[in-house]
Every structure is written in structure tokens, then in C-alpha cells.
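**Q** Please arrange chain B on chain A, whose structure you already have, making use of the hints.
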Amino acid sequence: GAVVSQHPSWVICKSGTSVKIECRSLDFQATTMFWYRQFPKQSLMLMATSNEGSKATYEQGVEKDKFLINHASLTLSTLTVTSAHPEDSSFYICSASPNGAGTQPQHFGDGTRLSIL
Amino acid sequence: DAKTTQPPSMDCAEGRAANLPCNHSTISGNEYVYWYRQIHSQGPQYIIHGLKNNETNEMASLIITEDRKSSTLILPHATLRDTAVYYCIVRAHTGANSKLTFGKGITLSVRP
Numbered sequence: 004g005a006v007v008s009q010h011p012s013w014v015i016c017k018s019g020t021s022v023k024i025e026c027r028s029l030d031f032q033a034t035t036m037f038w039y040r041q042f043p044k045q046s047l048m049l050m051a052t053s054n055e056g057s058k059a060t061y062e063q064g065v066e067k068d069k070f071l072i073n074h075a076s077l078t079l080s081t082l083t084v085t086s087a088h089p090e091d092s093s094f095y096i097c098s099a100s101p102n103g104a105g106t107q108p109q110h111f112g113d114g115t116r117l118s119i120l
Numbered sequence: 002d003a004k005t006t007q008p009p010s011m012d013c014a015e016g017r018a019a020n021l022p023c024n025h026s027t028i029s030g031n032e033y034v035y036w037y038r039q040i041h042s043q044g045p046q047y048i049i050h051g052l053k054n055n056e057t058n059e060m061a062s063l064i065i066t067e068d069r070k071s072s073t074l075i076l077p078h079a080t081l082r083d084t085a086v087y088y089c090i091v092r093a094h095t096g097a098n099s100k101l102t103f104g105k106g107i108t109l110s111v112r113p
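If you're matching them up, the sequences are chains A and B in order.
In terms of our numbering, the first sequence opens at residue 4 and continues consecutively.
In terms of our numbering, the second sequence opens at residue 2 and continues consecutively.
Just so you know, these hints were derived from the structure itself, not from any lab.
These figures come from a predicted structure and were not determined experimentally.
Misleading hints may appear alongside valid ones.
As the list claims (entries may be wrong) - Listed below are the simulated DSSO-like cross-link pairs for lysine-lysine, each with C-alpha atoms no more than 30 Å apart in a straight line:
no., chain 1, residue 1, chain 2, residue 2
1, A, Lys17, B, Lys53
2, B, Lys70, B, Lys100
3, B, Lys53, A, Lys23
4, A, Lys17, A, Lys58
5, B, Lys53, B, Lys100
6, B, Lys70, B, Lys53
7, B, Lys4, B, Lys70
8, B, Lys4, A, Lys67
9, A, Lys69, B, Lys100
10, A, Lys58, A, Lys23
11, B, Lys105, B, Lys53
12, B, Lys105, B, Lys4
13, A, Lys17, A, Lys44
14, A, Lys69, A, Lys17
15, B, Lys105, A, Lys23
16, A, Lys69, A, Lys23
17, B, Lys53, B, Lys4
18, B, Lys4, A, Lys44
19, A, Lys69, B, Lys105
20, A, Lys67, B, Lys105
21, B, Lys70, A, Lys67
22, A, Lys44, A, Lys69
23, A, Lys69, A, Lys58
24, A, Lys44, A, Lys23
25, A, Lys58, B, Lys4
26, B, Lys70, B, Lys105
27, A, Lys67, A, Lys44
28, B, Lys4, B, Lys100
29, A, Lys67, A, Lys23
30, A, Lys67, A, Lys17
31, B, Lys105, A, Lys44
32, B, Lys100, A, Lys23
33, B, Lys100, A, Lys58
Next up, chain A with everything else stripped away, as it sits in the complex (with noise of 0.2 Å):
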């Protein structure tokens, strides 16, 4: 089936840092991904969706300018949280359909523990 991998699993560093949070599609190719966040005791909230080869489109709320989306290739994209702070701390977690968010469904990484000290 679909495998969707991140790297890394969990992460910790201290305030200030730039943090990248890979999202890789093992087994096929994906135009579109997507990045969630999750805090504790809450359910995943969409943060933006990434597009190969153009800009990412961020729900509303979301920093833009803080929370970096690169999708240089079909089978890779990457979140980069800018200058993080302790606030910033939270289980990041990608998706990907192959065909892009078209007719199948989307799979989901292990996620990434982000704590900022």
C-alpha cells in the first residue's frame, strides 16, 4: 500500500532554532501533500497544502513567512519552522494521495514531535 515516511520522528531544540521536518512518499508519486499540527488532547488541524513546483496554500491563521513549505520533487516535501519557540511545540504530522487529493485516499506519516526548549 501507500507508504508515507518522516523524518525525523522527534526533535528537540532549544528557542530560535530552524527545525526541517521531512514528508517523503515511498511508493509513489504525489503532487500534492499535506501538513497538519496536533496538540495534546486535540485533533489534527490542517496548517497548509503543499503543491510540486508552486507556492503552498496556508489555512487561514497560519504564518506563512514562519512556517516554510518546499515541494521540490513528487515524492518529497519539507516544513520548515522558522525561529521556533516554545510555543511552536507539537506533533507535526504530513499526508499525501497518490494523483495528488484526487480519488485516492491520502496517507498519513508517523508524524514529528517538535519540543522547543
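**A** Okay, now just chain B, sitting in the frame of chain A:
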């Protein structure tokens, strides 16, 4: 906002069928019903989806009412590993509505 409503929690005994309800009374004609589950500290796992016919796969069955305003996910023989948060989501397959909007889901606890 999520277009579905689910009870916050339920439990069932191991080995018994778990029937998880979902209401989606404002579903549009082009929207599918999807079910995902999330085991603690993992990414969501796709379970099943359907439009109007009942669907079955190796994980579960999905029963959609004729008016499509509600559905039930059935885990035929629940195990302890099925303890998770289950999300019922309606999603169109094309256009701006193709993204998934997660509600609070239902927490299923399978007891020994």
C-alpha cells in the same frame, strides 16, 4: 469546521463487534465518507471510505444509510490493538474541498 458529529467515546469487549456511529446530515452529493483512526502518538491510519453503497475490506465494514445522513463503522472482532481515536470525515474528491477536516473523533476503548 468538521461536517460530522460523533459521540466522544465508547467501549466494547475484546472479540465483540464495535459499531461506531457518525452523523453527517449536511453531506453533499459529491462527498464521500472516510474513516481514519489514530493510535496514540502515531499518524492517522486510513480504514475505509464509501459514497453510498456499503463497503467492506480487511479491516472493517462501512454501512451508509440510504439518505446518506449517517453511517456506521463496524470492526467485526475488536482487539485490544483497536483502541484508538476514530475519525469520521466527509470529503469531496476534487476541488478545494478535497482536503480532510478532522473533528474530535470518537475514542474507542477495547476492554479485555
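**Q** Next step is simple, just say for each hint if it's right about the structure.
**A** Tested hints:
1. Lys17/A x Lys53/B: 50 Å, violated
2. Lys70/B x Lys100/B: At roughly 20 Å apart (the allowed maximum being 30 Å), Lys100/B and Lys70/B satisfy the hint.
3. Lys53/B x Lys23/A: Between Lys53/B and Lys23/A the Cα gap is close to 41 Å, so the pair fails against 30 Å, i.e. violated.
4. Lys17/A x Lys58/A: 29 Å, holds
5. Lys53/B x Lys100/B: Cα-Cα ~20 Å, so holds.
6. Lys70/B x Lys53/B: OK: Lys70/B and Lys53/B at ~10 Å, within 30 Å.
7. Lys4/B x Lys70/B: Distance of about 11 Å is within 30 Å: holds.
8. Lys4/B x Lys67/A: Distance of about 26 Å is within 30 Å: holds.
9. Lys69/A x Lys100/B: Within the cut-off at roughly 22 Å; holds.
10. Lys58/A x Lys23/A: 17 Å, holds
11. Lys105/B x Lys53/B: Distance of about 24 Å is within 30 Å: holds.
12. Lys105/B x Lys4/B: 11 Å, holds
13. Lys17/A x Lys44/A: With Cα atoms ~24 Å apart, Lys17/A and Lys44/A stay inside 30 Å; holds.
14. Lys69/A x Lys17/A: 16 Å, holds
15. Lys105/B x Lys23/A: It holds: about 28 Å lies between the C-alpha atoms, which stays within 30 Å.
16. Lys69/A x Lys23/A: 12 Å, holds
17. Lys53/B x Lys4/B: With Cα atoms ~17 Å apart, Lys53/B and Lys4/B stay inside 30 Å; holds.
18. Lys4/B x Lys44/A: 20 Å, holds
19. Lys69/A x Lys105/B: Judged against 30 Å, a Cα distance of about 27 Å means the pair holds.
20. Lys67/A x Lys105/B: Judged against 30 Å, a Cα distance of about 26 Å means the pair holds.
21. Lys70/B x Lys67/A: 37 Å, violated
22. Lys44/A x Lys69/A: 24 Å, holds
23. Lys69/A x Lys58/A: 14 Å, holds
24. Lys44/A x Lys23/A: 24 Å, holds
25. Lys58/A x Lys4/B: 28 Å, holds
26. Lys70/B x Lys105/B: The hint holds at about 18 Å.
27. Lys67/A x Lys44/A: 25 Å, holds
28. Lys4/B x Lys100/B: 13 Å, holds
29. Lys67/A x Lys23/A: 14 Å, holds
30. Lys67/A x Lys17/A: At roughly 21 Å apart (the allowed maximum being 30 Å), Lys17/A and Lys67/A satisfy the hint.
31. Lys105/B x Lys44/A: 9 Å, holds
32. Lys100/B x Lys23/A: Given that 30 Å is the threshold and the Cα spacing comes to 23 Å, the pair holds.
33. Lys100/B x Lys58/A: Between Lys100/B and Lys58/A the Cα gap is close to 17 Å, so the pair holds against 30 Å.
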